[in-house]
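> Chains as they are written, first to last, in this note's numbering: chain A, 1 to 348; chain B, 1 to 348; chain C, 1 to 348.
A hint or two may mislead.
It does not matter which identical chain is used: a pair holds within one copy or between any two.
Quick list of in silico lysine-lysine cross-link-like pairs, DSSO-like style, CA-CA up to 30 Å [said to hold, decoys possible]:
{"no.": "1", "residue 1": "Lys271", "residue 2": "Lys158"}
{"no.": "2", "residue 1": "Lys271", "residue 2": "Lys26"}
{"no.": "3", "residue 1": "Lys317", "residue 2": "Lys199"}
{"no.": "4", "residue 1": "Lys323", "residue 2": "Lys28"}
{"no.": "5", "residue 1": "Lys336", "residue 2": "Lys347"}
{"no.": "6", "residue 1": "Lys323", "residue 2": "Lys336"}
{"no.": "7", "residue 1": "Lys10", "residue 2": "Lys63"}
{"no.": "8", "residue 1": "Lys317", "residue 2": "Lys347"}
{"no.": "9", "residue 1": "Lys26", "residue 2": "Lys202"}
{"no.": "10", "residue 1": "Lys317", "residue 2": "Lys10"}
{"no.": "11", "residue 1": "Lys28", "residue 2": "Lys199"}
{"no.": "12", "residue 1": "Lys317", "residue 2": "Lys336"}
{"no.": "13", "residue 1": "Lys28", "residue 2": "Lys202"}
{"no.": "14", "residue 1": "Lys202", "residue 2": "Lys346"}
{"no.": "15", "residue 1": "Lys63", "residue 2": "Lys199"}
{"no.": "16", "residue 1": "Lys202", "residue 2": "Lys10"}
{"no.": "17", "residue 1": "Lys202", "residue 2": "Lys323"}
{"no.": "18", "residue 1": "Lys347", "residue 2": "Lys28"}
{"no.": "19", "residue 1": "Lys336", "residue 2": "Lys346"}
{"no.": "20", "residue 1": "Lys28", "residue 2": "Lys346"}
{"no.": "21", "residue 1": "Lys323", "residue 2": "Lys347"}
Please keep in mind that the hints were generated in silico from the structure rather than gathered at the bench.
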Amino acid sequence: MKNQSDILPKSWTLAELASALDAELKGKPDQVVTGLATLESATRDTLSFLANPAYESQLASTKAGAVIVHPNQADLCPVSALVVGNPYLAYAKASHLFDNAPHVSAEIHTSASVDVGAVVSNTASIGANAVIEAGVTIHDNVIVGPGCVVGANSVVGKYSRLHANVTLYHGVQIGEHCTLHSGAVIGGDGFGFANHDGKWQKIAQLGGVTIGNYVDIGVNTTIDRGAIDDTCIHDYVILDNQIQIAHNVEIGEGTAIAGCTGIAGSTTIGKHCTIAGAVGIAGHLTICDDVHITMRSAITRSITESGSYSSGTAMSKTREWRKNATRFRQLDRIVKRVQALERLGKKS
Amino acid sequence: MKNQSDILPKSWTLAELASALDAELKGKPDQVVTGLATLESATRDTLSFLANPAYESQLASTKAGAVIVHPNQADLCPVSALVVGNPYLAYAKASHLFDNAPHVSAEIHTSASVDVGAVVSNTASIGANAVIEAGVTIHDNVIVGPGCVVGANSVVGKYSRLHANVTLYHGVQIGEHCTLHSGAVIGGDGFGFANHDGKWQKIAQLGGVTIGNYVDIGVNTTIDRGAIDDTCIHDYVILDNQIQIAHNVEIGEGTAIAGCTGIAGSTTIGKHCTIAGAVGIAGHLTICDDVHITMRSAITRSITESGSYSSGTAMSKTREWRKNATRFRQLDRIVKRVQALERLGKKS
Amino acid sequence: MKNQSDILPKSWTLAELASALDAELKGKPDQVVTGLATLESATRDTLSFLANPAYESQLASTKAGAVIVHPNQADLCPVSALVVGNPYLAYAKASHLFDNAPHVSAEIHTSASVDVGAVVSNTASIGANAVIEAGVTIHDNVIVGPGCVVGANSVVGKYSRLHANVTLYHGVQIGEHCTLHSGAVIGGDGFGFANHDGKWQKIAQLGGVTIGNYVDIGVNTTIDRGAIDDTCIHDYVILDNQIQIAHNVEIGEGTAIAGCTGIAGSTTIGKHCTIAGAVGIAGHLTICDDVHITMRSAITRSITESGSYSSGTAMSKTREWRKNATRFRQLDRIVKRVQALERLGKKS
Numbered sequence: 001m002k003n004q005s006d007i008l009p010k011s012w013t014l015a016e017l018a019s020a021l022d023a024e025l026k027g028k029p030d031q032v033v034t035g036l037a038t039l040e041s042a043t044r045d046t047l048s049f050l051a052n053p054a055y056e057s058q059l060a061s062t063k064a065g066a067v068i069v070h071p072n073q074a075d076l077c078p079v080s081a082l083v084v085g086n087p088y089l090a091y092a093k094a095s096h097l098f099d100n101a102p103h104v105s106a107e108i109h110t111s112a113s114v115d116v117g118a119v120v121s122n123t124a125s126i127g128a129n130a131v132i133e134a135g136v137t138i139h140d141n142v143i144v145g146p147g148c149v150v151g152a153n154s155v156v157g158k159y160s161r162l163h164a165n166v167t168l169y170h171g172v173q174i175g176e177h178c179t180l181h182s183g184a185v186i187g188g189d190g191f192g193f194a195n196h197d198g199k200w201q202k203i204a205q206l207g208g209v210t211i212g213n214y215v216d217i218g219v220n221t222t223i224d225r226g227a228i229d230d231t232c233i234h235d236y237v238i239l240d241n242q243i244q245i246a247h248n249v250e251i252g253e254g255t256a257i258a259g260c261t262g263i264a265g266s267t268t269i270g271k272h273c274t275i276a277g278a279v280g281i282a283g284h285l286t287i288c289d290d291v292h293i294t295m296r297s298a299i300t301r302s303i304t305e306s307g308s309y310s311s312g313t314a315m316s317k318t319r320e321w322r323k324n325a326t327r328f329r330q331l332d333r334i335v336k337r338v339q340a341l342e343r344l345g346k347k348s
Numbered sequence: 001m002k003n004q005s006d007i008l009p010k011s012w013t014l015a016e017l018a019s020a021l022d023a024e025l026k027g028k029p030d031q032v033v034t035g036l037a038t039l040e041s042a043t044r045d046t047l048s049f050l051a052n053p054a055y056e057s058q059l060a061s062t063k064a065g066a067v068i069v070h071p072n073q074a075d076l077c078p079v080s081a082l083v084v085g086n087p088y089l090a091y092a093k094a095s096h097l098f099d100n101a102p103h104v105s106a107e108i109h110t111s112a113s114v115d116v117g118a119v120v121s122n123t124a125s126i127g128a129n130a131v132i133e134a135g136v137t138i139h140d141n142v143i144v145g146p147g148c149v150v151g152a153n154s155v156v157g158k159y160s161r162l163h164a165n166v167t168l169y170h171g172v173q174i175g176e177h178c179t180l181h182s183g184a185v186i187g188g189d190g191f192g193f194a195n196h197d198g199k200w201q202k203i204a205q206l207g208g209v210t211i212g213n214y215v216d217i218g219v220n221t222t223i224d225r226g227a228i229d230d231t232c233i234h235d236y237v238i239l240d241n242q243i244q245i246a247h248n249v250e251i252g253e254g255t256a257i258a259g260c261t262g263i264a265g266s267t268t269i270g271k272h273c274t275i276a277g278a279v280g281i282a283g284h285l286t287i288c289d290d291v292h293i294t295m296r297s298a299i300t301r302s303i304t305e306s307g308s309y310s311s312g313t314a315m316s317k318t319r320e321w322r323k324n325a326t327r328f329r330q331l332d333r334i335v336k337r338v339q340a341l342e343r344l345g346k347k348s
Numbered sequence: 001m002k003n004q005s006d007i008l009p010k011s012w013t014l015a016e017l018a019s020a021l022d023a024e025l026k027g028k029p030d031q032v033v034t035g036l037a038t039l040e041s042a043t044r045d046t047l048s049f050l051a052n053p054a055y056e057s058q059l060a061s062t063k064a065g066a067v068i069v070h071p072n073q074a075d076l077c078p079v080s081a082l083v084v085g086n087p088y089l090a091y092a093k094a095s096h097l098f099d100n101a102p103h104v105s106a107e108i109h110t111s112a113s114v115d116v117g118a119v120v121s122n123t124a125s126i127g128a129n130a131v132i133e134a135g136v137t138i139h140d141n142v143i144v145g146p147g148c149v150v151g152a153n154s155v156v157g158k159y160s161r162l163h164a165n166v167t168l169y170h171g172v173q174i175g176e177h178c179t180l181h182s183g184a185v186i187g188g189d190g191f192g193f194a195n196h197d198g199k200w201q202k203i204a205q206l207g208g209v210t211i212g213n214y215v216d217i218g219v220n221t222t223i224d225r226g227a228i229d230d231t232c233i234h235d236y237v238i239l240d241n242q243i244q245i246a247h248n249v250e251i252g253e254g255t256a257i258a259g260c261t262g263i264a265g266s267t268t269i270g271k272h273c274t275i276a277g278a279v280g281i282a283g284h285l286t287i288c289d290d291v292h293i294t295m296r297s298a299i300t301r302s303i304t305e306s307g308s309y310s311s312g313t314a315m316s317k318t319r320e321w322r323k324n325a326t327r328f329r330q331l332d333r334i335v336k337r338v339q340a341l342e343r344l345g346k347k348s
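With the hints as constraints, model all of the structure from the sequences given.
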């Protein structure tokens, strides 16, 4: 389906693109492209790219105006080529050249509610019906979207953006160049209670949340404030949608986490980890650097050696699965039967 | 517990109901009922229904004024009966006759912020503190609830309703007769990044989201915009709460998905599928039409044959489970021991 | 990392603390502490506590001004001690003495939209850009945060607090002393549809939601309204973030549920259960009192005996896991091979 938001196409010559992407151009420098497209759906006026080998077969028949390719595929490209060592990274750069997101102007919308005790840079934008509480600092070039609430004494570092309807509680620190997507909530109370005669006594959550620089936080993702010390997300961490991060979790630099994953309280995740979607990580664990966790795994022990970890079972037809799942519940007894057979084998 | 929201009961004669539900009436046409109730809790002034065979035993003792029943059970009904071929569908119709949700009037609330460059039908309702950005089109009879944000250039088709605090990013197309529940966010950036020396370079998400007609989207459900082309949800799709749909997913007509399910990027789901709760579906897969997936399954391969699919293990007492789960981690070695026994058996 | 939200430290003498916590003081009554800290990071001016035996080794070297300890550890404490039978409960009480959350004053913010048909106590606080619809009752000392929407005819009991951007639909009853965190949505439509020739016919959800007293509801947690009767959450229930509770669920007094858990429609959970994170519970089940469910379990049958229940598999390295997961899919056939060997063993 055609891209519906492509309201204002931008136009670039291949010479301009080669320069912007640090690419070698094989083709006419003054040829113009006005958008990005997949190899399959590209037309003469669009730029495409080949980064995933799975799509190599589509290169020969592409109708694109030009294609970003690796030197190894350059000769197979039937149209103009922008040749680079890392086509996926070049595509990432090119995507911003064609970005059609609406411009936001640096002003405080008249319907926004900004406390007199807040400090807002005059290069910042505060959207319609946003609320900025007392003691807040909004640094230069920050965008606070419509309907956002920034709680007392929180700080948003320069060039960071809160999309519409983001909520920061009090005492939350957002670094520079961060993006927080709509519905994200930072600084809610950690889930801390002491049981007293069957009733739960709330533990006041005195810590805050500290988010580093260049952090990306997805839609409806939630990060709780710490019980005593802060919950900490370090620089270059990227978090997808609907992730839950409990109090006093610490996530190391450059770690990426996919949607619907949950991390329980006081767990520390290392640097440069890649955690797939819908993973559950128990509390009070330590995961070392460079760990990969596959989709929907349950992590119940600390990990001290880098590498890939998994749990769960593979999918089957329900009819087959039910038989196997029934057997799983007998597994320990089955192994004992195997042991009995082995003893019998040794005797005979 | 008594229904607390039943502020304005509505009153219908059985003759009126028989006509509205296309039912055969066994009972007095001028008997009146003023609400809906389960067989067990119904009283003389309420209508009930029997759709699930599990509740058949409650029919004989019901105190309802009338019951919607299948012809097979009509003779067992001790009170007035509205006899129809599909009692559950008739109950669905009847539910709207007793709907007590407050009426929303067609007006733009004075506290709403509507950009001068937006087009809003004069039969539409824009709630308190809602924000409508530039280039937006709100068609006839649309309801935009309080606190909603509709991003630039988005379109909401006629008779669609956004409940309170829904967020649409820019360039989102909502069809006609859709319902979006509170906290739903449509059009957030897809989770696209290229890694460069341990730092994640964001890929601008240039596509939009296209939602068909008669689509229902649950509370806090999130649908990301496409990387290049649009993410597409086709007509008659129903999505429960807290579902995560990644960029460039396509969901076919009439498919139903239960709460907490997540679908990773670029996966295509067929028509008329029923996907249970908390399922995880990996990216770049194709699921054919008429597939059923059971609760909490992990789908890691494409499905080309309709039918029911599952993964996971059945529940046990933790004490038993722990033994079996330990054995699971030895399963490959156990099978090798069985093979050794088989070789031994053949020799002897 | 240092607590960033600690804007206004509070100061207490050990004599005051001993009195407030019902503790026996071993140390100087006029010694002053101004905050809470962990044993490891505490300094002379902070109070710490020892509740988890895992941290006992940190007691001897703590630099805290005073420590809350159990009588059994009192002699090992190198600094002033506040001796109590339940140190964790005493810590819970102490946390509120050092709570630094900003004070909210009892007023209706000028930007809030309060319907003339709503009743708001003059001791209540209504935040900036909040929306209170017709027929709502807000009782004494309630705090409704910025951006909240309280739907028609809903009621919020005294001393309850809605943090920023909470949404209540119409006909929702919140008891007294409840806390609802940001992004929580109470009263969305239950996921009820009847299929008619491949199209889903919506069933109007006529019930409401009834929340008892002293209930805590986490960030982005969702509780749907009932189809006919109300969805019910009883007193002293605590719910973490991103929990999904479907229509007509009932949760018994004092039950605690951790983040990302989902409960399908019409299931009844007993009293004093503890349900870990990311658990999935199928619909129409009954779980008795005092049940514990471990992290990420799938509960597909009713539970009639108290105790601990689990499902899933333990984590491994992906390389090992893949082999075992493959074997899982052959499990029924493997057991048949074991049976064949057993028959062979009996013959020989």
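> Tell me, in ascending order, the numbers of any earlier hints that this structure violates.
2, 4, 8, 10, 11, 14, 15, 17, 18 and 20
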